[in-house]
Amino acid sequence: MNAPVQLDHAEIAATTPLDKLDVSDPALFRDDVWYPYFRRLRRDAPVHYCAESMFGPYWSITTYKDIVQAELAHKVFSSDSSLGGITIRDRQKDLRLPMFIAMDPPRHDEQRKAVQPIVAPGNLAKLEHIIRARVCEILDELPRNETFNWVDKVSIELTVSMLATLFDLPQEDRRKLSYWSDCATALPMPGGIIENEAQREAAFAEMLAYFTTLWNARVNAEPRPDLVSMLAHAPATRDMSPREFMGNLVLLIVGGNDTTRNSISGGMLFLNQFPEEYAKLRANPALIETMVPEIIRYQTPLSHMRRTATADVEFAGQKIRAGDKVVMWYISGNRDDTAIEEPDRFIIDRPRPRQHLSFGFGIHRCVGNRLAEMQLKILWEEILKRFDRIEVVGPEQRVYSTFVHGITELPVRIPG
Amino acid sequence: MPSITYIEHSGTEHRIEVPTGRSVMQGAVDNNLPGIDADCGGECACATCHVYVDPAWLAKTGTPGEQEASMLNFAATAEPNSRLSCQIEVSEALDGLTVRLPEAQH
Ligand code: HEM
Ligand code: FES
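Protein sequence lines correspond, in order, to chains A and B.
Quick note: the first sequence uses this note's numbering, first residue 14, plus one each step.
Quick note: the second sequence uses this note's numbering, first residue 15, plus one each step.
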């Protein structure tokens, strides 16, 4: 591979003129060097305009408090896909998919309500047994005294298996889900999982065909507590167009996939980076409760969500104009020391661990937040029962993306 | 100081003195009461401080504002007497208020 050029990012971040600072470069996240750039913005220009980037001009909102306020201002900061949707990258107009994360009220509210029952307390309790059984199977098959990729063998296996359960599809089809999810979020590039938009559309068409078969079987059967049946029976979603069905499938697959996957990988990495926390955990497994939200904060699986201004507004002293792209950088707000004490440390027993931005806030706040936490909790309970320690034995590889903040490779070894 | 009674989903009751000016949510969090998560710290942005207000008290606590109503709209276990407790400010008029907690916060 190409040897990384050693750059002094602290120096670059400190000396680049403010109007030339661009925090959207995916390489900053792949190389894990984004910290000083956001620190500078939080300090010197918390609501910042970047006139030129690979994604065009955009505003950055970087402090914890401002991000919460931006989330609440959904009347002027729209999520609508026809304006560009929820990620910094605009998709070609004719390829934009409607899905409720990229809708405004009232349509958003109606469709969200259709899938909300998947996380009702009773349903979560049922899922807990199924997830625990899968976790045990996956962990019991792990090799000893041998280096393997934690991401592939555990993070991906577990998340797709849970998604297959949520959709109630055959477990042997689970890897299709991660394939479609990866196609949805990949930046097209030569040699990448997709090389152009046509390949992405082809993958989506295959996904739609697969799920249409399930839909047809379930729409004529009694309602059941799986996502396809819920969408097929709820008044707000049962008459969706095929593109809207496709959009909402992408939402549910991506929403529940990369995010949880990268929290599972992140947790393993952080406990190895902070051995004193790993020791605390082994001594007191009850700390899993507060560790889980801390993992999700520290990882911040989605670096940002994007909105589009629908009117001229003054926000935190800046004049944002109708049509402007506004990016809420969760990854920055989660490291804001005016809101979170010692934010750059991973601390598994923080007093208010759920006060973080990783799930967003306001009307789009993550539907799956408690489900994701439950998965991580079960995983760590079962890990601690089985293994004294799992060691990270080499450097991790990270995703080249401004949106999905993730890990593709994490070599580990279980001494045994 | 006004006293507020919080009843956990299991039925366990907690009678807590809460200073006026604090919210019903803060009263619970300050005393480490289980069952109120308050992920957003009181910004009306998370709906994890959901409570059911004893119907006899609804006239005094008032009804949800617009943002609160849209957040409550998604709570899996919302009822007509649901409120987000961070949006109820404790006053002498609320001395004796009873709220019940839902099965889970989400
Ligand atoms: C650690 C894991 C997860 C993270 C970090 C995460 C993060 C997020 C974020 C940031 C949002 C947008 C919030 C906003 O715009 O304010 C969101 C929305 C959403 N998430 Fe998650 N998510 C996770 C797991 C899940 C899971 C397991 C599901 C499974 C069903 C899921 C389904 C959704 C859906 C459907 C939405 C759209 C909600 C709406 O627009 O109303 N997420 N998630
Ligand atoms: S604490 Fe978040 S809505 Fe009340």
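Warning: the hint list may mix true and false statements.
As the list claims (entries may be wrong) - Cross-link-like lysine to aspartate or glutamate pairs, in silico, DMTMM-like; alpha carbons within 25 Å at most:
1. K78/A to E106/B
2. K88/A to E80/B
3. K78/A to E103/B
4. K88/A to D44/B
5. K332/A to E57/B
6. K139/A to E117/B
What the hints assert, rightly or not - So the derived label-pair ranges between C-beta atoms look like this:
7. E106/B to E354/A: 31 to 41 Å
8. Y223/A to E117/B: 49 to 59 Å
9. K74/B to P134/A: 48 to 58 Å
10. Q105/A to H23/B: 45 to 55 Å
11. E117/B to P70/A: 42 to 52 Å
12. G110/B to P428/A: 58 to 68 Å
13. G35/B to Y223/A: 49 to 59 Å
14. T29/A to H23/B: 48 to 58 Å
15. T303/A to T26/B: 16 to 26 Å
16. D68/B to P49/A: 51 to 61 Å
What the hints contain is simulated information worked out from the structure, not anything from laboratory work.
In this text, a Cβ means the ideal position worked out from N, Cα and C, and glycines have one as well.
Item checked: Satisfaction of hint between E103/B and K78/A, Cα-Cα up to 25 Å -> 21 Å, holds
Next item on the list: For the pair we were handed, K139/A and E117/B, check the Cα-Cα distance against 25 Å.
Entry: At roughly 15 Å apart (the allowed maximum being 25 Å), E117/B and K139/A satisfy the hint.
Notebook entry, point to check: Do the beta carbons of T29/A and H23/B sit within 48 to 58 Å of each other?
Noted result: 53 Å, holds
Notebook entry, point to check: Between Y223/A and E117/B, does the beta-carbon spacing fit 49 to 59 Å?
Noted result: Given range 49 to 59 Å: violated, Cβ gap about 35 Å.
Check: Given the hinted pair K78/A and E106/B, is their alpha-carbon gap at most 25 Å?
Finding: Answer violated: K78/A to E106/B is near 31 Å, above 25 Å.
Next item on the list: Check the following: the C-beta atoms of G110/B and P428/A are separated by a distance inside 58 to 68 Å.
Entry: Roughly 60 Å apart at Cβ, these two residues keep to the hinted range, so it holds.
Margin query: Quick check: does the Cβ-Cβ distance between T303/A and T26/B fall within 16 to 26 Å?
Written below: 22 Å, holds
Item checked: Outcome for the supplied range 31 to 41 Å, where the beta carbon pair is E106/B and E354/A -> 35 Å, holds
Check: Honestly, do E117/B and P70/A meet the 42 to 52 Å range at C-beta?
Finding: For E117/B and P70/A the Cβ distance comes to about 47 Å; the hint holds.
Note to self: Holds or violated: K88/A and D44/B, Cα atoms, limit 25 Å.
What the structure shows: 33 Å, violated
Check: Would you say the C-beta atoms of Q105/A and H23/B sit inside 45 to 55 Å of each other?
Finding: Holds: the Cβ-Cβ distance is about 49 Å, inside 45 to 55 Å.
Margin query: Does E57/B sit within 25 Å of K332/A, going by the straight-line distance between their CA atoms?
Written below: 24 Å, holds
Hint compliance for this structure: hints 1, 4, 8 and 9 are not met, and every other hint is.
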